[in-house]
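One-letter residues, chain by chain:
Protein chains: 2
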Amino acid sequence: MSERFCIALDAMGGDHAPDMVVAGADIARERCPNVDYLFVGDEERIRPLLARYPALAAVSTVRHTPDAIAGDAKPSVALRAGRTSSMRLAIDAVASGEAACVVSAGNTGALMAMAKFVLKTLPGIDRPAIASFFPTLRGESVMLDLGANLECDADNLVQFAVMGTVFSRTVLGLLEPTVGLLNVGSEEQKGHESIRQAASALRASALAKNFRGFVEGNDIAAGSVDVIVTDGFSGNIALKTAEGTAKLYAEFLKRTFKSSLLAKLGYLLAHGAFQKLRLRTDPRRYNGAMFLGLRGVCVKSHGGTDALGFANAIGVAGDLVVHGFNEKIRDELARLQAALEAAAPSPEATEAAAV
Amino acid sequence: MSERFCIALDAMGGDHAPDMVVAGADIARERCPNVDYLFVGDEERIRPLLARYPALAAVSTVRHTPDAIAGDAKPSVALRAGRTSSMRLAIDAVASGEAACVVSAGNTGALMAMAKFVLKTLPGIDRPAIASFFPTLRGESVMLDLGANLECDADNLVQFAVMGTVFSRTVLGLLEPTVGLLNVGSEEQKGHESIRQAASALRASALAKNFRGFVEGNDIAAGSVDVIVTDGFSGNIALKTAEGTAKLYAEFLKRTFKSSLLAKLGYLLAHGAFQKLRLRTDPRRYNGAMFLGLRGVCVKSHGGTDALGFANAIGVAGDLVVHGFNEKIRDELARLQAALEAAAPSPEATEAAAV
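Here the protein sequences come in this chain order: A and B.
Sequential numbering from 17 applies to the first sequence in this note's numbering.
Sequential numbering from 17 applies to the second sequence in this note's numbering.
Hint data in this document are derived by calculation from the structure and do not stem from the laboratory.
If a hint is listed, it holds; no wrong ones were tucked in.
Simulated pairs of lysine to aspartate or glutamate, EDC-like, Cα-Cα distance not exceeding 20 Å:
#1 A/K206 - A/E167
#2 B/K344 - B/E192
#3 B/K292 - A/E267
#4 B/K263 - A/E156
#5 A/K206 - B/D88
#6 A/K206 - B/E167
#7 A/K136 - A/D347
#8 A/K263 - B/E156
Between the sequences and the hints, there should be enough to build the whole structure, so can you do that?
Written as structure tokens, this is what we have:
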């Protein structure tokens with residue numbers, strides 16, 4: 017898709033909204049010029065911000081609503097009581113075809129519940145999943161689910177494997193992405209029953225060629241596989257543990273460079289190289305979690321991010337639109353329907369896995 | 017305990033056994049002189065190694081067995097067929113009172129199954145848990161379970177909280193260790209039912225004062241609490257994700273220092289400071305996972321470790337013996353029996369948590 021399209025933004029979601037939403041959109045605007053923006057939220061707060069960026073204002077529309085979803089609102093409550101919220105109206109714009117995608121830095125659970133309710137899932141997908149990129153020793157990998165579904169059965173995991181594969185092909189351009197199931201050991205008898213069943217199903221499916229079996233937590237950063245499939249509970253623990261550990265080592269590094277005069281001099285010399293490392297590992301670079309499996313593109317930004325991070329989330333959403341991700345996932349799913357059918361855990365497979 | 021005691025070593029467990037077991041014991045011997053060693057395994061391989069360390073040989077006994085547990089053996093098979101294995105005979109030495117503790121770098125599942133079968137659990141503890149130290153921004157914290165119990169109910173989690181608290185008091189010397197339950201969000205309604213039930217139980221217990229509710233993956237490295245309680249599946253994922261991420265950043269650091277001439281010069285200057293950082297974050301420093309909740313001290317070393325790492329695992333076991341950990345945990349458990357009883361999820365608490 018190279019024609020002009022519109023991105024709907026929940027202007028009131030996130031710790032620093034609406035300021036960082038507007039400032040982020042302006043950064044994104046410079047990067048992809050053929051996009052219009054629909055800001056949904058409190059007009060009185062958005063207008064003065066937009067006035068600071070005339071070029072952005074020229075391609076933007078504001079849809080006023082006084083309502084916003086609280087960061088700690090329960091998804092079920094948000095769904096029931098949030099019909100006129102900025103988040104909901106931004107999603108509605110995608111459902112109506114007015115916008116090609118939606119980006120929000122608001123409450124993750126509420127966003128997922130609303131997006132699922134309004135946009136519905138793609139055919140063949142029971143539950144959407146949250147996916148994100150991870151830096152690895154070998155480049156980048158994709159992990160899903162990161163928190164949408166705390167408990168997953170074997171069918172869900174197999175569908176996540178299909179979505180992750182298509183995503184990796186479409187967005188990362190990998191022809192034959194490898195897939196691993198996150199587990200506590202690589203031996204066949206390890207882990208929960210649902211994971212063992214999913215493994216049997218994948219081994220019997222059209223994805224078998226690229227399925228590498230079970231992977232462990234350390235395989236995420238090692239880049240052992242391109243797509244890591246897991247339930248939302250484990251995925252969220254892994255995501256946040258990785259973020260926390262990265263922060264710890266960045267802090268250790270800072271303390272080390274400050275620990276002696278020689279180390280400080282050393283830092284002055286290595287400064288340029290470390291600037292590059294900082295850019296490469298900047299968490300804002302990895303901002304933008306994709307909700308996969310919906311009939312519409314929905315990207316969740318980190319709630320605490322700044323304008324640059326939010327711009328990256330917008331960039332991810334734009335990429336998915338430009339690359340026709342959902343069209344491709346639909347095509348691939350149809351093509352892989354045989355895989356999904358072959359992959360549905362048969363009674364024999366289930367029995368074998370349980371031994 | 018300041019009198020002489022014996023440490024039983026599974027001489028055949030681990031990727032580099034028996035070499036690193038013997039060499040590790042010699043390093044440990046220099047650190048704590050009043051310990052005797054019982055090496056269990058293939059005498060023909062152990063004797064020539066011991067001959068290289070006369071001071072160690074002087075305080076060591078060798079118990080010959082030709083059998084060893086394979087690294088990929090299923091725990092149930094190891095338990096049935098491994099009665100004369102080096103691992104089993106080393107545990108037996110603790111059960112008979114001949115040794116004060118046992119250290120093995122062998123198959124974790126087999127070691128846990130055998131230790132539980134031979135040593136039994138402490139009164140009031142249904143399932144033992146694997147615990148280990150983690151480096152944090154604020155020092156060190158303890159996390160359990162790291163893989164012994166893939167599924168845990170609320171009672172198990174409450175017992176882990178009690179064991180972690182006692183461990184933190186006894187070994188880390190913290191008077192009032194704070195406790196958090198690992199979850200995917202800090203809001204009360206988040207997570208699996210077992211976690212929510214455990215939270216209600218802990219809030220109603222004698223541990224309430226130091227219970228900080230739910231923590232997330234990033235809180236592990238942040239050191240938000242002193243004791244992180246979780247089921248063995250999530251704990252294992254978190255442990256290995258943290259290890260993998262630390263390795264990734266160490267590699268990024270190495271590449272950065274090699275990326276330009278200035279950076280290389282900078283490294284030469286900062287070298288000393290980085291040596292200290294390396295020592296501080298050396299994974300071998302954190303080697304030695306404690307099996308808590310057993311009537312005997314059992315420490316699991318990382319299977320791939322070297323002599324220095326194995327020596328640290330021996331050091332952890334020795335510490336637990338010297339500090340009378342199991343006696344203290346027994347006393348504390350008796351003292352906290354009221355806590356455990358108050359903490360047993362009542363029907364009302366369960367109902368409230370499920371809302």
